[in-house]
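Student: Protein sequences, first through last, are from chains A and B. Each residue of the first sequence is one higher than the last, beginning at 59 in our numbering. Each residue of the second sequence is one higher than the last, beginning at 1029 in our numbering.
Note that these hints are calculated values from the structure, not bench results. Glycine included, each C-beta is placed from N, C-alpha and C at the ideal position. Among the hints, a few may not be true.
Unchecked claim - Capping the alpha-carbon separation at 25 Å, the derived lysine-lysine pairs in DSS-like fashion look like this:
# : chain 1 : residue 1 : chain 2 : residue 2
1 : A       : Lys282    : A       : Lys325
2 : B       : Lys1032   : A       : Lys170
3 : A       : Lys172    : B       : Lys1032
4 : A       : Lys303    : A       : Lys325
Unchecked claim - To give a feel for the contact side, a few chain A residues facing chain B, derived at Cβ under 7 Å:
#  : residue
5  : Thr110
6  : Arg135
7  : Arg136
8  : Val140
9  : Val162
10 : Leu163
11 : Gly165
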Amino acid sequence: MNSAPIIAEQLARHFGEVKAVDGINLTVNQGEIFGFLGPNGAGKSTAVRMLTTLLRPTSGTARVAGFDVVKQADEVRRNIGVALQDSAIDPLMTGFELLELQAVLYGIPSNKMKQRAEDLLERVGLTAAADRRVSTYSGGMRRRLDLALSLIHAPVVLFLDEPTTGLDPMSRLTLWEEVRRLNREGTTVMLTTQYLEEADQLADRIAIIDHGRIVREGKPSDLKRTVGDPTLLINVSRQHSDAAKAVLARFGDMRPTAEGTLGVGLKGGAERVAEVVRALDEAKIVVEHLELNQPSLDDVFAEATGHRLEGADNAPQAG
Amino acid sequence: MRRKPADVLRQFVALSRRSTLAIFRQPALVGPSLIFPLFFAALGSSSFSRAISLPGFPEVDSYLQFTLAGTVIQGVLFGSVTGAAALATDIEEGFFDRLLAAPTSRTSILFGRLAGSAVFGAMQALVFLLALLPFGVTVEAGVLGYVSIVVAGFVIAFAVGALMSVVALKTGSAEAVQGTFPVLFILLFLSSAFFPRETMSGAYRRVADFNPISYMVEGQRSLSLDGISLVAMSQTLVIPLTLAVLTTMLALRQLSVRLAAR
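Work out the full structure, taking the sequences as your base and the hints as a guide.
Tutor: Have a look at this one:
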């Protein structure tokens, strides 16, 4: 039997006519950071909710930490840590009180609770704020506390649902570093994100999900390689748009871009940029802006789905 | 895998502690359910002072003495909405999911919330008894009477909290729970909380005769005015306990429905 910590086979969840997750197959290996990348509403959170026993699959099966998510739900819960994006932390309690409560829920003996809570608070840099009510915490502090709460029982698999959404760049970096450290210590991590950079920076492997289906899966570097040519992006005035498109099409396949921008997968790479500029000049097209981007996960996403990842350009850049 | 009873008990105690702390950490939320019943008692005392001489009124020194039981029940009824609203907030904001993602006993989640309401209900009863003491309002049944009324506060808050939790679990909306508040208010006024049933007539009287709040109030009132008796003790404690059993069953059923629908 496959002993991977997360295995999903034809896992699906339908809400009436809506196929939120439409039969996904997934294997996350021991010690991996696995990124689940997709726009809002793609099915990431629904998939994670099934894997964390919060939602029953409509069909298909999943095993997490060696246990079936439906038939052995309690065993799954004992072995996983979960930090959900939309799972609030009680603002009336202090960080320390919440860790104590979490310790009780996971059956940690009373004589070990205090030390464990203190260790985790130190780990996430919240020792000084331990006795403050959560209502006084910043967004970043709440996420770090959320991470600490999910680690109280030293889980073998950790689920992080959009762990850095809404965080400032510094807080994102701090959280990334902590995730890497946990992973180095042996925790298998599955994280969902809509941020390309996050998936690129953190994940050993990623799956791109769109409309409930996994459309690409693999190492970020391998996936980027499959896209091949770099993307040449240009901005021209509206009246030159069609003419520019015709010129660019001579140099490769047109690629989906943000509105107002034209993109082409430039065959032959950077060496051909001058040639494109000359061709545009000969066609009397005034170029307002031009840039050459090496293949990114966004290109992978665009190539796989036909559209760019929503919000990807709005993500705060860390580092 | 079955959970060990000791683990379930530990979880229940921890969740009860959370819900009790939450109540005492929100003075703006709990204040009104302590202040308004006393305000109504003071208002009634000044407005209805001569009503005690009406035929059908028991022999009492003051309207305040008569209204002690109504004040206690009124406060406890209103206060118990707070716990159920907090349960709905947990559902709305995702704390409920946090508890479900852990190996938490599902019934502990519900009972932990209700325990907070019940502790607050007992505390309210005690506060009202003590607050009216300087005005000569005493409980004729003595220490046992005081203890019974406080225990009744605990049980009534648990029972009503469980009933309101059905709404919380069904809708997952704190607003929906708060929206039931007027129903409790109407039920209270259609009982003998402020006037004896003997002074009522027509449909008002018939509703009050069927209203369990009437009997709970009259039990406490009898302890307060007449002293200890088997009937008064039964009305004070057995009716709330019976209601608590029924409403808890309803709440547990709704919890199962909610969990099965996931």
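Student: For each hint, tell me whether it holds in the structure or not.
Tutor: Tested hints:
no.	hint	verdict
1	Lys282(A) x Lys325(A)	holds (15 Å)
2	Lys1032(B) x Lys170(A)	holds (19 Å)
3	Lys172(A) x Lys1032(B)	holds (22 Å)
4	Lys303(A) x Lys325(A)	holds (15 Å)
5	Thr110	holds (5 Å)
6	Arg135	holds (4 Å)
7	Arg136	holds (5 Å)
8	Val140	holds (4 Å)
9	Val162	holds (4 Å)
10	Leu163	holds (4 Å)
11	Gly165	holds (5 Å)
In the structure shown, no violation is registered for any of the earlier numbered hints.
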